[in-house]
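2 protein chains.
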Amino acid sequence: MKPPVISCPQCGAPVALQRNPALTVDIIIHPVQEPASVILIQRRHPPLGWALPGGFVDYGESLEQAARREAKEETGLDLTDVRQFRAYSDPARDPRQHTVTVVFSAQGSGRAHAADDARDLQVFPLNALPENMAFDHHRILKDYVRWSLEGILPS
Amino acid sequence: MKPPVISCPQCGAPVALQRNPALTVDIIIHPVQEPASVILIQRRHPPLGWALPGGFVDYGESLEQAARREAKEETGLDLTDVRQFRAYSDPARDPRQHTVTVVFSAQGSGRAHAADDARDLQVFPLNALPENMAFDHHRILKDYVRWSLEGILPS
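These protein sequence lines are chains C and A, in that order.
So in the working numbering, spot 46 of the first sequence is number 46, and the numbers just go up one at a time.
So in the working numbering, spot 125 of the second sequence is number 125, and the numbers just go up one at a time.
A couple of the hints might just be wrong.
For chains that are exact copies, the list does not tell them apart, and a pair is met inside one copy or across any two.
Calculated cross-link-like contacts (lysine to any residue; reagent style SDA-like; alpha-carbon spacing at most 20 Å) [unchecked claim]:
#, residue 1, residue 2
1, K72, L149
2, K72, S109
3, K72, D94
4, K142, Q84
5, K72, G151
6, K142, Q97
7, K72, V15
8, K142, N132
9, K142, D116
10, K142, R83
11, K72, A128
12, K72, K142
13, K142, Q42
14, K72, I152
Hints in this document: simulated from the structure, not taken from any laboratory.
When you get a sec, could you build the whole thing from the sequences and use the hints?
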């Protein structure tokens with residue numbers, strides 16, 4: 001599996017962009033007073049489908065800061081009770097390139113509205129998730145529900 | 001905080017290497033039959049001090065694969081019971097550049113010997129860690145001990 005390549009801004013030669021997977025965050029946002037539900041966005045760009053709000057971590061930004069920023073950009077919500085859940089790193093989890101995501105859970109407050117990379121936004125009960133979910137987000141939510149109910153983390 | 005820059009291999013122009021923090025793994029290795037001890041390495045390169053074995057995650061490699069590879073390279077040990085603990089992402093945690101690490105715990109089996117980036121290797125009881133530890137590894141081990149004993153994860 002080869003890392004992505006960019007062009008040199010001066011001469012156009014190919015330059016291997018990074019030797020590491022790209023780092024992202026995704027956030028399991030519970031609406032305040034709906035702890036058994038999650039806010040999903042419908043993606044504007046491929047891979048299409050319902051997904052957890054999230055995105056790339058900027059250089060110089062902590063994971064928690066990235067989670068708050070991405071949640072705000074894509075849903076308009078402010079996060080409280082932000083907790084780290086789990087990292088997912090299967091090289092095939094994103095069809096575009098190798099990304100590793102660190103997943104957080106949080107409560108979201110404010111008026112939710114889809115923005116930025118999100119075309120639509122909807123609240124789903126954790127026991128009635130949509131079928132067409134992007135990436136490994138269905139598995140992540142399954143792991144999260146199991147951990148919430150039984151205290152068992154994925155191996 | 002600015003991302004690292006490399007030179008174009010063709011014309012030498014500066015190219016911003018990545019917009020994301022670099023991703024690493026670190027491993028809390030317990031020697032088999034010594035669950036209350038941890039194997040630390042003395043670093044060959046700055047920042048000097050005792051540290052958890054670990055290193056950069058390669059593109060196309062899962063976090064767990066990186067943990068097994070780095071443990072083998074630096075300590076000669078094979079890992080079993082590899083479990084994800086926690087990610088640490090403070091932009092100041094590595095003085096060289098912004099790295100985000102995902103920490104694993106594991107049992108190590110085989111004959112331990114320092115190699116690669118490790119100048120020396122030693123087993124320390126978790127309640128008697130050395131003072132001169134590199135990065136945020138002392139904090140990581142403190143969090144880990146607290147979680148092991150009391151089940152409390154860092155916020």
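How the hints compare with the structure:
Proximity of K72 to L149 under the C-alpha cut-off of 20 Å is found in neither arrangement, the shortest distances being 28 Å within a copy and 36 Å between copies. For the homomeric pair K72 and S109, the shortest alpha-carbon distance inside one copy (10 Å) is at most 20 Å, but the shortest distance between copies (46 Å) is not. In this assembly of identical chains, the alpha carbons of K72 and D94 never lie at most 20 Å apart, being 23 Å within a copy and 28 Å across copies at closest. Taking identical chains as interchangeable, the C-alpha atoms of K142 and Q84 lie at most 20 Å apart whether they share a chain (16 Å) or sit on different chains (17 Å).
When the C-alpha separation of K72 and G151 is checked against a cutoff of 20 Å, the pair qualifies neither within a copy, at 29 Å, nor between copies, at 31 Å. For the homomeric pair K142 and Q97, neither the shortest alpha-carbon distance inside one copy (23 Å) nor that between copies (35 Å) is at most 20 Å. Within a single copy, K72 and V15 get their C-alpha atoms no closer than 33 Å, and across copies no closer than 30 Å, so neither meets the 20 Å cut-off. For the homomeric pair K142 and N132, the shortest alpha-carbon distance inside one copy (14 Å) is at most 20 Å, but the shortest distance between copies (42 Å) is not.
Within a single copy, K142 and D116 get their C-alpha atoms no closer than 26 Å, and across copies no closer than 39 Å, so neither meets the 20 Å cut-off. Both within a single protomer and between protomers do K142 and R83 lie at most 20 Å apart by alpha-carbon distance, with minima of 17 Å and 19 Å respectively. With identical chains, the CA atoms of K72 and A128 are never at most 20 Å apart, being 25 Å at best within one copy and 43 Å at best between copies. Neither within a single protomer nor between protomers do K72 and K142 lie at most 20 Å apart by alpha-carbon distance, with minima of 24 Å and 32 Å respectively.
Proximity of K142 and Q42 under a CA criterion of 20 Å is satisfied intra-copy only: 19 Å inside one chain copy versus 40 Å between copies. Taking the shortest alpha-carbon separations for K72 and I152, neither the intra-copy value of 30 Å nor the inter-copy value of 28 Å comes in at or below 20 Å.
In the structure shown, a violation is registered for the earlier hints numbered 1, 3, 5, 6, 7, 9, 11, 12, 14, in ascending order.
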